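Generate coordinates for the entire structure from the input sequences, incorporating the hints supplied.
There are 2 protein chains.
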Amino acid sequence: MNTEKQLPDETNEEHRKRMVRLNEIKDRQLAEATQEKGLIIVHTGAGKGKSTAAFGMAIRSLGQGMRVAIVQFIKGAIPTGEAAFVEKIAAAGMPIEMHTMGEGFTWKTQDRERDIATAMTGWAKAVELMRNPAIDMVILDELNIATKYDYISPSIVVQELLAKRPMLHVVLTGRNASDEVIEIADLVSEMKVIKHPYGHGIQPQRGVEF
Amino acid sequence: MNTEKQLPDETNEEHRKRMVRLNEIKDRQLAEATQEKGLIIVHTGAGKGKSTAAFGMAIRSLGQGMRVAIVQFIKGAIPTGEAAFVEKIAAAGMPIEMHTMGEGFTWKTQDRERDIATAMTGWAKAVELMRNPAIDMVILDELNIATKYDYISPSIVVQELLAKRPMLHVVLTGRNASDEVIEIADLVSEMKVIKHPYGHGIQPQRGVEF
Numbered sequence: 000m001n002t003e004k005q006l007p008d009e010t011n012e013e014h015r016k017r018m019v020r021l022n023e024i025k026d027r028q029l030a031e032a033t034q035e036k037g038l039i040i041v042h043t044g045a046g047k048g049k050s051t052a053a054f055g056m057a058i059r060s061l062g063q064g065m066r067v068a069i070v071q072f073i074k075g076a077i078p079t080g081e082a083a084f085v086e087k088i089a090a091a092g093m094p095i096e097m098h099t100m101g102e103g104f105t106w107k108t109q110d111r112e113r114d115i116a117t118a119m120t121g122w123a124k125a126v127e128l129m130r131n132p133a134i135d136m137v138i139l140d141e142l143n144i145a146t147k148y149d150y151i152s153p154s155i156v157v158q159e160l161l162a163k164r165p166m167l168h169v170v171l172t173g174r175n176a177s178d179e180v181i182e183i184a185d186l187v188s189e190m191k192v193i194k195h196p197y198g199h200g201i202q203p204q205r206g207v208e209f
Numbered sequence: 000m001n002t003e004k005q006l007p008d009e010t011n012e013e014h015r016k017r018m019v020r021l022n023e024i025k026d027r028q029l030a031e032a033t034q035e036k037g038l039i040i041v042h043t044g045a046g047k048g049k050s051t052a053a054f055g056m057a058i059r060s061l062g063q064g065m066r067v068a069i070v071q072f073i074k075g076a077i078p079t080g081e082a083a084f085v086e087k088i089a090a091a092g093m094p095i096e097m098h099t100m101g102e103g104f105t106w107k108t109q110d111r112e113r114d115i116a117t118a119m120t121g122w123a124k125a126v127e128l129m130r131n132p133a134i135d136m137v138i139l140d141e142l143n144i145a146t147k148y149d150y151i152s153p154s155i156v157v158q159e160l161l162a163k164r165p166m167l168h169v170v171l172t173g174r175n176a177s178d179e180v181i182e183i184a185d186l187v188s189e190m191k192v193i194k195h196p197y198g199h200g201i202q203p204q205r206g207v208e209f
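Chains as they are written, first to last, in numbering that gives the first Met the number 0: chain A, 0 to 209; chain B, 0 to 209.
These are calculated hints, taken from the structure and not from any lab test.
The structure presented is a predicted model; accordingly, all values stated were derived computationally and were not measured.
Heads up, some of the hints might be wrong.
As the list claims (entries may be wrong) - Label-pair distances were calculated between CB atoms; the ranges are:
| id | chain 1 | residue 1 | chain 2 | residue 2 | range |
| --- | --- | --- | --- | --- | --- |
| 1 | B | D149 | A | E159 | 46 to 52 angstroms |
| 2 | B | K36 | A | R164 | 17 to 23 angstroms |
| 3 | B | R113 | A | V126 | 50 to 56 angstroms |
| 4 | B | D149 | A | D110 | 19 to 25 angstroms |
| 5 | B | M166 | A | E96 | 46 to 52 angstroms |
| 6 | B | I24 | A | R164 | 50 to 56 angstroms |
| 7 | B | L161 | A | E86 | 23 to 29 angstroms |
| 8 | B | P165 | A | F209 | 17 to 23 angstroms |
Where a beta carbon is used, it is the ideal one built from N, C-alpha and C, also for glycine.
If you want it as structure tokens, here you go:
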């Protein structure tokens, strides 16, 4: 992808000509890509940005006039900026709904059976939303954590995803995405930590982390 | 991070007790992290989600009552869902502004000198926003591409970031982040491609890609 940079021995005019050729190639690639398809998208890995990028996709979809639904499987005990924001724009009439089912991380609830029941309630809501033909994008936030801890079986998730409407986009976030879900996904990104500031006395920052 | 999973030979009660201990450790770690700080955040790598996660942070910050400004250095020629959305919520009175300076990728403009001029105009706007004490978060979308192509020198960027107000958050996105910027950043995430659907006849999807 660095081919577009001007080369040391290249004049401006040579660079311009090379860019014309590169543009033709890119245009041809794009012309060949004509298939519209609802995607199964997975954001996983230990780095920051998995849920955040899913929320970014939600607003992008809203900007395109699409209808979005979000289920949060783990978070929920603590008020977040994204929840406050979604509430505000939904109240203003934008086609977005958010269902916060989680009661926090498992070391907070300290009750595995309740965690499983909470996760299954969230999953029932997720299924309802995915089967609602009015919805264009469903975000299943931290679902990967619920499958990792065996609160929800990955095979149930895969079965529902395989049966989804062709144009529905489904975004699954959380570290440790199951191999079964990755196998059937169209788009998988891993967020990797290169550097992080916490644990050196710096607290999670408002607006950045929550 | 898998320590919270119930172990095969662990009863529900043993698991509960272990979660109580884990909770104590996490609470202590959080209590020790008391420093509030505006962060320098970098989203880089070849995977999806760099700009999208920055937009997600923008809405999280808005939900927290913070004021946000975005400069787009490369994108701009093509209308996007995020631009439409930001326009809509800004018109509704939310404290967000977006400045789209880019004229598209360099293989579209085919004019290196114009690209440099465009990038420098964007940088002047970025500096103005970072120095505005009313703004809590500035997103410099695709700035890493502008430094990679030598449209803007990384040392100018580093100098301005080092001089920023302590509580200002700055988010820089784009592949090939410069080593100089990574060196001074607080939080760096790399988005990696694990699987992507394009180039197999599937076109970039509305709401997902733009």
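Evaluated hints:
At roughly 49 angstroms, the beta carbons of D149(B) and E159(A) sit within the given window of 46 to 52 angstroms. One distance hint, 17 to 23 angstroms for the beta-carbon pair K36(B) and R164(A), is violated here, with the actual separation near 45 angstroms. Look at R113(B) against V126(A): about 51 angstroms separates their beta carbons, and that is inside 50 to 56 angstroms. A hinted range of 19 to 25 angstroms for the beta carbons of D149(B) and D110(A) is inconsistent with their spacing of about 57 angstroms.
The hint said 46 to 52 angstroms for the Cβ distance between M166(B) and E96(A), and at roughly 33 angstroms that hint is violated. Between I24(B) and R164(A) the beta carbon distance is about 44 angstroms. The supplied range of 50 to 56 angstroms is therefore violated. Between L161(B) and E86(A) the Cβ separation comes to about 37 angstroms, which falls outside the hinted range of 23 to 29 angstroms. At about 20 angstroms, the beta-carbon gap between P165(B) and F209(A) stays in the expected band of 17 to 23 angstroms.
Comparing the model with each earlier hint shows violations of hints 2, 4, 5, 6, 7; every other hint is respected.
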